[in-house]
Every structure is written in C-alpha cells, then in structure tokens.
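K.L.:
Got chain A sorted already, so can you dock chain B onto it with the hints?
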Amino acid sequence: MENKEVAISLRGITKTFGDVTANSNVNLDVYKGEILSLLGENGSGKTTLMNMLAGIYYPDAGQIIINGKEAVIRSPKDAFDLGIGMVHQHFKLIDVFNATENIILGLEGRLNIKEAEKRIREICDKYGFEINTNKKIYDMSVSEKQTVEIVKVLYRGADILILDEPTAVLTPQETEKLFNVMRNMKKDGKSIVIITHKLNEVQSISDRVAVLRHGEFIDDMKTSKTNAQEMTDMMVGHSVSLNIDRPEPVDPKPRIVVENLTVVDEEGIVKLDDVSFTANTGEILGIAGISGCGQKELLRAIAGLENIKDGKITYVHQDGRTEDLLGKSPREISDLGVKLSFVPEDRLGMGLVGNMNLADNMMLRSYRSGKSRFFTEKKEPRKLAERVVNKLQVATPSIDTPVRLLSGGNVQKILVGREISSRPKVLLTAYAVRGLDISSSYQIYDLINKQKERGAAVLFVGEDLDVLVELCDRILVLCGGKVTGIVDGRNTDKFTLGSMMTQKGEAS
Amino acid sequence: MEQKVKEPRFHIVKRADIRSREAWTIRIIAILAALALCALITMVCTGDNPISIFATIFKGAFGTQRKTWITLQYVAILLIISLALTPAFKMQFWNVGGEGQVLIGGLAAAACMITLSDKLPNGVIIILMIVTSLLAGAVWGVIPALFKALWNTNETLSTLMMNYIATQLVAYFTIVWEVPKGSGKIGIINQNTNIGWLPSIGNKYLLSIIAAAVVTIGMFIYLKYTKHGYEIEVVGESQNTARYVGISVEKVIIRTMLLSGAICGLAGLLLVGGINHTITTTISDGQGFTGVMVSWLAKFNPVAMIFTSLLIIFMDRGASEISTAFELNQSFADILTGIILFFIIGCEFFIRYKIVVRKDLGKENA
Numbered sequence: 001m002e003n004k005e006v007a008i009s010l011r012g013i014t015k016t017f018g019d020v021t022a023n024s025n026v027n028l029d030v031y032k033g034e035i036l037s038l039l040g041e042n043g044s045g046k047t048t049l050m051n052m053l054a055g056i057y058y059p060d061a062g063q064i065i066i067n068g069k070e071a072v073i074r075s076p077k078d079a080f081d082l083g084i085g086m087v088h089q090h091f092k093l094i095d096v097f098n099a100t101e102n103i104i105l106g107l108e109g110r111l112n113i114k115e116a117e118k119r120i121r122e123i124c125d126k127y128g129f130e131i132n133t134n135k136k137i138y139d140m141s142v143s144e145k146q147t148v149e150i151v152k153v154l155y156r157g158a159d160i161l162i163l164d165e166p167t168a169v170l171t172p173q174e175t176e177k178l179f180n181v182m183r184n185m186k187k188d189g190k191s192i193v194i195i196t197h198k199l200n201e202v203q204s205i206s207d208r209v210a211v212l213r214h215g216e217f218i219d220d221m222k223t224s225k226t227n228a229q230e231m232t233d234m235m236v237g238h239s240v241s242l243n244i245d246r247p248e249p250v251d252p253k254p255r256i257v258v259e260n261l262t263v264v265d266e267e268g269i270v271k272l273d274d275v276s277f278t279a280n281t282g283e284i285l286g287i288a289g290i291s292g293c294g295q296k297e298l299l300r301a302i303a304g305l306e307n308i309k310d311g312k313i314t315y316v317h318q319d320g321r322t323e324d325l326l327g328k329s330p331r332e333i334s335d336l337g338v339k340l341s342f343v344p345e346d347r348l349g350m351g352l353v354g355n356m357n358l359a360d361n362m363m364l365r366s367y368r369s370g371k372s373r374f375f376t377e378k379k380e381p382r383k384l385a386e387r388v389v390n391k392l393q394v395a396t397p398s399i400d401t402p403v404r405l406l407s408g409g410n411v412q413k414i415l416v417g418r419e420i421s422s423r424p425k426v427l428l429t430a431y432a433v434r435g436l437d438i439s440s441s442y443q444i445y446d447l448i449n450k451q452k453e454r455g456a457a458v459l460f461v462g463e464d465l466d467v468l469v470e471l472c473d474r475i476l477v478l479c480g481g482k483v484t485g486i487v488d489g490r491n492t493d494k495f496t497l498g499s500m501m502t503q504k505g506e507a508s
Numbered sequence: 509m510e511q512k513v514k515e516p517r518f519h520i521v522k523r524a525d526i527r528s529r530e531a532w533t534i535r536i537i538a539i540l541a542a543l544a545l546c547a548l549i550t551m552v553c554t555g556d557n558p559i560s561i562f563a564t565i566f567k568g569a570f571g572t573q574r575k576t577w578i579t580l581q582y583v584a585i586l587l588i589i590s591l592a593l594t595p596a597f598k599m600q601f602w603n604v605g606g607e608g609q610v611l612i613g614g615l616a617a618a619a620c621m622i623t624l625s626d627k628l629p630n631g632v633i634i635i636l637m638i639v640t641s642l643l644a645g646a647v648w649g650v651i652p653a654l655f656k657a658l659w660n661t662n663e664t665l666s667t668l669m670m671n672y673i674a675t676q677l678v679a680y681f682t683i684v685w686e687v688p689k690g691s692g693k694i695g696i697i698n699q700n701t702n703i704g705w706l707p708s709i710g711n712k713y714l715l716s717i718i719a720a721a722v723v724t725i726g727m728f729i730y731l732k733y734t735k736h737g738y739e740i741e742v743v744g745e746s747q748n749t750a751r752y753v754g755i756s757v758e759k760v761i762i763r764t765m766l767l768s769g770a771i772c773g774l775a776g777l778l779l780v781g782g783i784n785h786t787i788t789t790t791i792s793d794g795q796g797f798t799g800v801m802v803s804w805l806a807k808f809n810p811v812a813m814i815f816t817s818l819l820i821i822f823m824d825r826g827a828s829e830i831s832t833a834f835e836l837n838q839s840f841a842d843i844l845t846g847i848i849l850f851f852i853i854g855c856e857f858f859i860r861y862k863i864v865v866r867k868d869l870g871k872e873n874a
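The listed protein sequences derive, respectively, from chains A and B.
Counting from 1, one number per residue, gives the positions in the first sequence under my numbering.
Counting from 509, one number per residue, gives the positions in the second sequence under my numbering.
The following block holds chain A by itself, in its conformation from the complex:
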C-alpha cells in the first residue's frame, strides 16, 4: 500500500458465541486520515468486530494494535483512552437529558457546563455540525440524535471513529450532510470506519473497502478500483443480479379505499391527519416517509390494530361489494372473508414469537381453525412450515428450531412465507427488507412481485428510496402524518421523494 501510517491493525481476531463463530482469524488495517467502508452481509461479523475495538466484547484470540502498540480493550473506557469511539446503530442517549448533558455524561473531573458548551461549539464549528446544545433528546429527530452521538465521541478526543450503519435512518439530504461532516473529519486526519449496506454510499464516501463474509476477512481494495457488482459478488460469495423487476400492473381496480383517515395516539398526538388514497389490485403502492411519520399507523389502521378517530376504510370485493373495515378487530376482519396479510416492521415482537418454533409460528394465523374446539391441530402448520422452508430456502436446522435463533433474513422469510400462504387479497408490508442482506432482499422483492401479479393489492412501506423508485408502481409520501403527494414510481427520482418527505407541502 501507499506510504500511510496505520492507525489500527487487527491481527488474527477470533470471536465465538457458543457454537457460532462471529469472527474467525480476521486481519484488517485502518490507516490514518482515511474512510474505510466495512462491507458484508448480515451476520458476517462486521458489528462484532467493531464492538471489540469499542470495548463491548473481548476477543477470544488475536491482537489489536493501535498506533503501533498492542492494546487491551476491556471496556468502552479503555477504548476512549486509546482514542477510539463508536456510534452504535441503536443510540445510547438519555432521553430526558439535553445534548450537552449527554455529551459530558460519565466524564471525570469537575462539572462545568459552560466550559463544555464552549468546547462542543468549537467541535461543531470545526467540522460543520449543527447542534442545539439545550435541546432535550426526546425532542430531537433521528438525525439530530446521531449528531449528538458523533459529537460525544469527538468530545472525548477520539481519533478513530466507527459508525455502525449511520445512514439507515437518514433521508438522502441528511445523509449528504453527514458525509460532508465525515469528509471534514478526514481532512483533520481522523480515521473513520463506516459499516453500511448501501453500495452507492460506499462509492461516494469511502477511500477503501474491506469485505467480510461469514466472519472471515475476504479482501480489501481501493473504492475507486471496484464497482457495485464486484463488491456484491464478494459479499455474497457468488454472482447476484442487481435489478429489481417491475411488471406492468394488470387490470388495476380499487381494493382498499381510505378516506380522510385520522389517527390520534394515546397521548393525543396526531399520527395520521386526513389521509386519503386508493390501493389497487395488481399494483404495489409504495409508502415513503421519514421514520415515525405515520407509516406504521397507516398499516396498523388498515389491519384493525389502531384506534381510529375519524375517516373511512373500505374494502372492495372482487364482485364490487364493499365492506367497512373501520373499527373492526383483526379477527372480525378475517371473519368477513377479507384476506388481509400483514408483514409488520417488528418481526419478532409482533409478526412472530421468537421463542416458538417454526411450526408453532405458522399456527399463529391458523390455530383457531381445525376440527376440535378445544385442542390445537398441529399437522397442517407443520406441513406449511416444511413448505415454506423448502420453497424459500430458509436456512434452519429443523422446523422445531425457535425462530429467534435464525438470522434476520430467514426470520423474514418465515414471516412473509406465512403471510402469503393464505393467498391474500391485500398485502401490507412494513420495512420488509430492513436489515436483510442482498440476496434475501431480492428474494423478498420477488415474492412481493409475485403477489402483485396474482392480483393482490400491495402496500409497501420502505425506507430505501432507491428501492421504492425501482419497485413500486405508485408512491405515496407521508410527512408528519399528512400525505404530501402520490407520485408515479416510473417517473420520479429519490431527490423528489426526499424533498416531499421533509416538506409539509400540498399534494402535487
């Protein structure tokens, strides 16, 4: 390599959890003043590896060399002392404290808020952060919280920053802002490791890419000398196609008609405000928005899980008869003969039961049927579980394995497999590919497309705008619970969507 100083050098790092090997003999160098992208599919051990640098885990074997000296990192404090700071995927902030209080939390020495604020200001000016030091965390947007996390790390004098999927929760505009800050930090000689799934981001921000697969280090290379296809193939281990199909809708007819829907949560906060739209058969209706803008509530309202204040939700049968779904429980909706499937965002907390095995999870939807009134019928769910495992290539030891032991992609296949097994007329999906690796994601897109071709009305809540633009026929944009527009998926781009997501404008 070039004449660069090594900041971190990992040598033969191995870490196991029980029988699972998260990292096996990983060698990795990070240079000073560079941005390194750490790429890999889910479960390839990226986060585990970085957690060992941050003092969360301790390696079973191997050495960590920081600035030429072997280091023992036993706690996050050790890591800070060595100038290493990590911003985790799930923020570790105290909601009722303001930005300054969170930043200086846990530091030794006398408490001097004024002095601290001055230093925070300096850091922000130097790198171009925007931060309101007096704002409480619970009032902050995700992007603001992330800024606090990064400043917190810099405040502790970190020279080596690790960012774990920082862009997963940001809009394109916010991502661009973050990248500018990262470039400023790089100019200042700091080393940055960024974990991400998004290849276009890898290309726009990083100098070098390192790829992990199944816990092993595969290769590293200069970003300028590789491309998306090559990186994907390295991550997956074989060649993958990177195009999402979008068949033309066949004979679309209204299936779900939502009129003036308003939902207010228990604390009186308006979650959905006068939302109206129609979801057609044989069509994928994308729903875009910054997280927490009412996407979740919209799907829950249709599924009968939300207290609705006002509005109308109508289901249109094949023969034109209509059913009013408003105020009906999920059970009443299914008793009406409305075949509605729902793949919720919270897979193990809502869609599935983590401690139950595959077969028992299949039973969630069907346990009420069966001959006996009192006893459960276990044969059918077992058959269904076998079918889903075979058809969707679920990697599992057996159908008697608790689903929580499966990886994210396999968990999602089980959930989607169950939901589409009833041949739904309406399919609601929330963040169907969140946290999934590339090959599983494409498999899920395929399954959703098949439902569309069968004539189901699909509502697809997504966060990756590139995917929404490629997959959906129409895209509805929500901002703060209001519809800011419904656009044609074939004639839009992610920047249009991005600006619609942030402005409470009128429908265009």
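Certain hints may be false.
Stated by the list, open to error - Residues of chain B placed beyond 12 Å of chain A at every Cβ, according to the derived structure:
hint : residue
1    : Thr533
2    : Lys862
3    : Val864
Said to hold, decoys possible - Chain B regions said to be covered by chain A (calculated; three or more residues, Cβ under 8 Å):
hint : stretch
4    : 658-668
5    : 724-737
It should be emphasised that the hints constitute simulated quantities derived from the structure, not laboratory data.
Predicted, not measured: the structure shown is a model, and the values here were computed from it.
Ideal placement from N, C-alpha and C gives every residue a C-beta, glycine not left out.
P.N.:
Frame of chain A; chain B shown alone:
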C-alpha cells in the same frame, strides 16, 4: 509479542444453547455442592461425621413409611400450588398471590364445614365445599386480573396485596369461630362428627396425591395441546403478536387467572378439608411463594415440576430432621434450606453463562 500486556485471566461468555444433559449435570453438581457445604457446617456445629448427616437428611424425608407418605403429601400440595401458578407465569402475569388464593379457598371450605354442619347432609356439604373453595380462589385470582386487563395495573403488587387481605380475613374469622372462646384458634373442626372431612382413599394421604396427579396431567395437556394453552403462550411471549393475530389479550388474562386462582383454591380445600381439618393464617406456609420457584426451576413444564417440588420438599424435610436429630433449633434448618436453595438457583447462572479461561496464559512470557 515482546510487550507484556495485562490480559484478563478469564471472561464470562453467554452460552448460545445448552444440551439438557449438560444442564442437568450442572444442577446435580450444584446440589452435591450444597449438600457438602451443609454437611461441613453441621459437622462444625455438631462434630458428627458427614455420612450420618446425609443419612439423617434422607431419614427425615423417607425414614419410615409414615414419613414417606407425609413427604409425598407435602409434595402433592406444593405441586398443585406450583401448577396453579404456572399458566399465569407462562402468560408473564406475575401471580405472587398464590398464598392468598390458597388461604381464601381454605377459608371457604372451613366456612362450609363450620356453618353448615348441622343444616345439610355431609355429601352436600362436601360438594358445596368444593364449589365454594374453587370459586373463592378464582375470585381472588381474577380481581388483580381485571385490574390488569382494564387499567393495566401492576399485577405483582395487586396479587401480593390480595395475600394480606386473605390473611386478615382468616384472622378475623378465626376469632369469630374460635373454639373454645378466647383460645384464639379454631381447633379441629367437627372432630366428633367428621362432617366436611374429605373422604380418605386408601389412607389419609392418598387423596391429595391423586388430586396432584390429576392436576399435573390436566395442566400438561392444557398447556401443550389446547387452543387456550397456545393463546397463553402467545400472550406471554408478546402481547403485540397476540393482538396482531386477533387474540383478545384481556380475555386470556382473565380466563387464565380464573383457572390459576381456582386451582390454588383446590389446594386450600385439600389443606383444610383433607389434611388439617382446621384453618390458621399460616396454613399455606409460604408455599404460594415456594411454588413460584418450583415452577420456574422446572421451566414451566408440569412434568418436571414433579421433580423440582420433590427436591425442595426433600431438602426442607431433611434439613428440619437435622436440626431435631442434632438438637439444633428450627433456625438451623432454615439456614440449611437457604444454602440449598442458593445453590440450586445460583447454578442457573452457570447454565446460562460459561467462564472461559485464556488458554495462552503463561506462553506469553516464553
């Protein structure tokens, strides 16, 4: 490496999964270690050899035929109470009100025995006892369940507080019904007529044992093979999932606590009508709480609860035998029981985690 670096000598690692054989090996080692420590302490206090101490423990539980029967009867009652708590715990409804539900069931049985003895034939009284004690237990269980279902109150507090109400009610009726007046206790009810005494099958211990066997099998089937059991499991694992598939969480909570309370009421009935033929505020003897432990140790498996309840009763009776045989007081038995429970519960840590010692220690300096 030239540099000498301080490395941690060992660290604690969470086990991904453990084979049940390994887990049981750890548990057995823990019990043996507990017994060894108990023997050591007793040796220091009494100067006797450990073999005779272990023999005493065994003698305490199974020394004579009578002792064996009593041990089994104790196991039966503890097992019924543990089984009663199990569906609630599986639903993640922390029913620590077993004590009160048992007491109130017992009180209902005692009330029938005392107030109706000269009014109705014996058979009718026994049927009424069964009905009222199950009902009383169910009511005691369902009150916190209603609060939980309607207003989401904390069931740990409300079930616990129901215990005190039950205790005070029993204390009150002890004074109302005391025999003789001024003695402050009820004494054996209907000692001459035996009215309201549950019939003894074979011998006087067998009734509770048969009842426990029936409840065990019933609960095993209920939890594993019925729609209700499935709903309990789903609600316990995630209320969100339950709502998502259209299960009425409130209904399941209320229904399950009716059942849980009713079975506790059954234990109260057996204690008053079948075993003691009297009622005191301490008749359930903390088993409403011990049952929580029995149920947890067995991981809510009704069949495994047979063994966990046997283990706890065996240790308990063995410990009190030691204190009498070596002329120590009851507190000594409590100390021994405490040690044993500490080991049994503590070993769960080693089932969940393992300690990894760094292998390359020492090589570093070579």
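K.L.:
Hint by hint, where does the structure go against what was stated? Just the numbers, ascending.
P.N.:
Hint check: 2, 3, 4 fail, others pass.
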